[in-house]
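Just so you know, the sequences run in chain order H and W. Here the first sequence stands for residues 1 to 245, numbered as in our numbering. Here the second sequence stands for residues 246 to 490, numbered as in our numbering.
Hints are computed from structural coordinates only; laboratory data are not their basis. Do not rely on the hints blindly, as some may be mistaken.
Stated by the list, open to error - Pulled from the structure, derived: some chain H residues nowhere near chain W, Cβ distances all over 10 angstroms:
| # | residue |
| --- | --- |
| 1 | P9 |
| 2 | P29 |
| 3 | R32 |
| 4 | R74 |
| 5 | C113 |
| 6 | A123 |
| 7 | R134 |
| 8 | A135 |
| 9 | R140 |
| 10 | L144 |
| 11 | G169 |
| 12 | D171 |
Unchecked claim - So the derived label-pair ranges between C-beta atoms look like this:
| # | chain 1 | residue 1 | chain 2 | residue 2 | range |
| --- | --- | --- | --- | --- | --- |
| 13 | H | K204 | W | N464 | 45 to 55 angstroms |
| 14 | W | D317 | H | G34 | 48 to 58 angstroms |
| 15 | H | G73 | W | D337 | 31 to 41 angstroms |
| 16 | W | R418 | H | G213 | 48 to 58 angstroms |
| 17 | W | N464 | H | K221 | 33 to 43 angstroms |
| 18 | W | A260 | H | A48 | 48 to 58 angstroms |
| 19 | W | D337 | H | R111 | 31 to 41 angstroms |
| 20 | H | G73 | W | R418 | 30 to 40 angstroms |
| 21 | W | G413 | H | R111 | 29 to 39 angstroms |
| 22 | H | A48 | W | G413 | 41 to 51 angstroms |
| 23 | W | R465 | H | A51 | 27 to 37 angstroms |
Virtual Cβ for every residue (Gly too), placed ideally from N, Cα, C.
2 protein chains.
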Amino acid sequence: MSRNANLTPLPGSCAACTVRPFALFRVIPQARVGEIARIRSGVRLVRAGDAIMDGVFTMYAGWAFTWTATNDGRRQVLDFHLPGDLVERTEDAAEVEALTDASFCILSKERLCAFMGHDPGLALSYVEGLTRDRARMRERLTSLGRRDAAGRVAHLLLELHGRLLRRGGGDPRGAAVPLKQAHLADALGLSVEHANRALAALRKDGVATLHKGRLEILNRKALEELAGWGGGTQGGMLAPTTLAG
Amino acid sequence: MSRNANLTPLPGSCAACTVRPFALFRVIPQARVGEIARIRSGVRLVRAGDAIMDGVFTMYAGWAFTWTATNDGRRQVLDFHLPGDLVERTEDAAEVEALTDASFCILSKERLCAFMGHDPGLALSYVEGLTRDRARMRERLTSLGRRDAAGRVAHLLLELHGRLLRRGGGDPRGAAVPLKQAHLADALGLSVEHANRALAALRKDGVATLHKGRLEILNRKALEELAGWGGGTQGGMLAPTTLAG
DNA sequence: CGTTCGGTTGATTAGAATCAACTAATGTGG
DNA sequence: CCACATTAGTTGATTCTAATCAACCGAACG
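Model the full structure from these sequences, guided by the hints.
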C-alpha cells in the first residue's frame, strides 16, 4: 500500500468544502465564501500518530484527539476531533495528535480574530463551538465521576455516534469509529484491559460492538440504559441554530 | 442571626462594581460603563441552597455551583462559580445552586448578544471566559481520569486557591473556601467518606487543611506534588489579556 | 436541650488496576 | 510470498483503591 493511500486532499476552494456545513464557517452564505479565503493559511495532510503543531485548524478528513500526560507518564485523552471540528492547539500542556491519517485546513488566528471583529455571526458560530465543547466536557466529567466502566464506554459510544450522525456520517445502526481500545481507555480513565472487558460485556449482551474501526449499535435502548443517556441536545446559550454538535 | 445577615447587596451602578475588573465587562473602559446599564436586567440575592433559575448572570458575592443528577440519583458537581464569574443556566439537565448566600447581577441574553454584536472586545471577553471554562473542565477531566483521591482533592484546592488569588481573595497561605466535604466529593467523583479520608491525610501530613470554610495551605510544594500540578496558566487562544481565571 | 447537619472512623465489599501470558491481526523486509 | 516482528486485542489471577454500610461525635440551631 502506498504511503499516502488514505490521505484525503482538500478542495482548493471553500465553496466546494464538504465539511463547511458543519464547521465554523457554516454561517457564511455561499455568496460570501470568497471573503474567508484570506483566513485560510494553508492545508496539511498528516499520518495517523503524527503530532499536530498548528495553532488553529478545521478538521477536513480523519480524526484527531487532544491529550495530556500526567506526572507518572500516563495519558488522558481530553477530546476527539471529527471532520468539521475547529481545533485549537494551545501552548499549555495539551497535545494534539492525528488518530487516523487526516487532513485539515489551517487558519490564521490573527485574521480569524479580525474577521470575527466585523462579523458577529462568525463570532457567534465560534462561541457556539466553545459552548458545545464545554457541554461535552461536562458530560464526560459526569461519566468519569459517576458512571462505571460499562456506562462510560456506552456513553462515549453514543456521544460519538450522535456527533457523526449530525454531520452525515454513519446511520442509526452504526458508524465508522476508528478508535483503538487504548483511546477509549485513556479518554475514560480506565486501564486498557478494563476497557476491553467492558467492551466484551457489551458484545456478549448484544448491545454494541466496536470492531475494525466500525461501531455497530445492536440494541440502542440497552445502550442508552447503560449510559444513563439524558438524550439532551446541547445548544449553546447564544446558539439558536441547530447544526453539528 | 437575622435571616439576611450574609446577603451582600450589589452597588447600584456598574461603575462602582468591585468584581467588574474580573468579570465579563472588564473590557469596557470606565468612561463607557454607562453603556452596559441596559444589559443588566436585575439583581438577585439568594440563600445558600437555593436553586438559581436565572439564565445569564454575573456572580457578585458568594459562591454557586452547577450540578447534574445521574440516573441513580447521585450528583455530579460540574463547576464552582466565584464572584466575577459569568454563569449561564441552560435548559438542559444542569442545575445551578447557591453554595453560600449569594448575590448576582442578571443579564439580558438578548441585549448582551446585541451589544457583543457591535463590540468585538466584549465578544472576545466572553470567548475568553468560555475558553477558560473549557480548560478548567479539561483539568478536572484529567483529575477524575488519572488521579487518585488525594491528588484530586489537592488539585481542586489548588485550582480554587488560584482562582481566588487572581480576583484578590485570600493570600498565598490560604483563602475562604466555603465548600462542604460533600461538594468536594460530588465534584471529584468520590464518596463523602473517601473525600473525608483524603482530606484527613492532607491534614495529618501537614499539607493543607479545609476547616470551617477556610483553606489553609501548609506546604504548597507537597500539595502541588500530590496534585501533579502542571502550574499551567490557561490563556485562551483569543485571549491576550491575563485577568481572572 | 434535643435535633439536625457536617464531619469522622471502622469493617466489609466491589470495581478496577496491575501483572502476566497469550492470541490475532497487521505489517515488513528478505 | 513467506517468516518474523510488532501492534492490538483478549483472558485470568491477584492486589488495591474506593464504595458501601454502620456507627458515632460535635457543633450549630431553633
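Checked hints:
Non-interface status of P9(H) relative to chain W is upheld: no Cβ of that chain comes within 10 angstroms, the nearest being about 27 angstroms off. With a minimum CB-CB distance of about 17 angstroms to chain W, P29(H) clears the 10 angstroms threshold, and the non-interface call stands. No Cβ of chain W approaches the Cβ of R32(H) within 10 angstroms, the least distance being about 17 angstroms, so the stated non-interface status holds. Consistency note on R74(H): stated as away from chain W, yet its beta-carbon is not over 10 angstroms from all of that chain's, at 5 angstroms minimum.
For C113(H), the shortest C-beta to C-beta distance to chain W comes to about 6 angstroms, within the 10 angstroms cut-off, and the non-interface label is violated. In this structure A123(H) is not separated from chain W by more than 10 angstroms, as the shortest Cβ-Cβ distance comes to only about 5 angstroms. Listed as outside the interface, R134(H) is inconsistent with that label: its C-beta sits roughly 5 angstroms from the nearest C-beta of chain W, within the 10 angstroms cut-off. Remark: the non-interface label on A135(H) conflicts with the geometry, its nearest Cβ contact in chain W lying 7 angstroms away (cut-off 10 angstroms).
Not every Cβ of chain W is farther than 10 angstroms from the Cβ of R140(H); the closest lies at roughly 6 angstroms, contradicting the non-interface assignment. For L144(H), the requirement that its beta carbon stay farther than 10 angstroms from each beta carbon of chain W is not met, with the minimum near 4 angstroms. The claim that G169(H) lies off the interface holds: its Cβ sits roughly 24 angstroms from the closest Cβ of chain W, which is beyond the 10 angstroms cut-off. Distance check on D171(H): its Cβ is at least 26 angstroms (rounded) from any Cβ of chain W, clearing the 10 angstroms threshold; non-interface status holds.
Between K204(H) and N464(W) the C-beta distance comes to about 49 angstroms, which sits within the given range of 45 to 55 angstroms. One distance hint, 48 to 58 angstroms for the beta-carbon pair D317(W) and G34(H), holds here, with the actual separation near 54 angstroms. The beta-carbon spacing between G73(H) and D337(W), approximately 36 angstroms, falls within the hinted interval of 31 to 41 angstroms. Checked against the hint of 48 to 58 angstroms, the pair R418(W) and G213(H) passes, with Cβ atoms roughly 53 angstroms apart.
Range check, N464(W) to K221(H): about 52 angstroms between beta-carbon atoms, so the 33 to 43 angstroms window is missed. In this structure the hint that A260(W) and A48(H) lie 48 to 58 angstroms apart at CB holds, the actual value being about 56 angstroms. The hinted range of 31 to 41 angstroms is satisfied by D337(W) and R111(H), whose Cβ atoms lie roughly 34 angstroms apart. The hinted range of 30 to 40 angstroms is satisfied by G73(H) and R418(W), whose Cβ atoms lie roughly 32 angstroms apart.
Between G413(W) and R111(H) the Cβ separation comes to about 36 angstroms, which falls inside the hinted range of 29 to 39 angstroms. Between A48(H) and G413(W) the beta carbon distance is about 47 angstroms. The supplied range of 41 to 51 angstroms therefore holds. At about 33 angstroms, the CB distance of R465(W) to A51(H) agrees with the hint of 27 to 37 angstroms.
When the structure is compared with the earlier hints, violations turn up for hints 4, 5, 6, 7, 8, 9, 10 and 17 and for no others.
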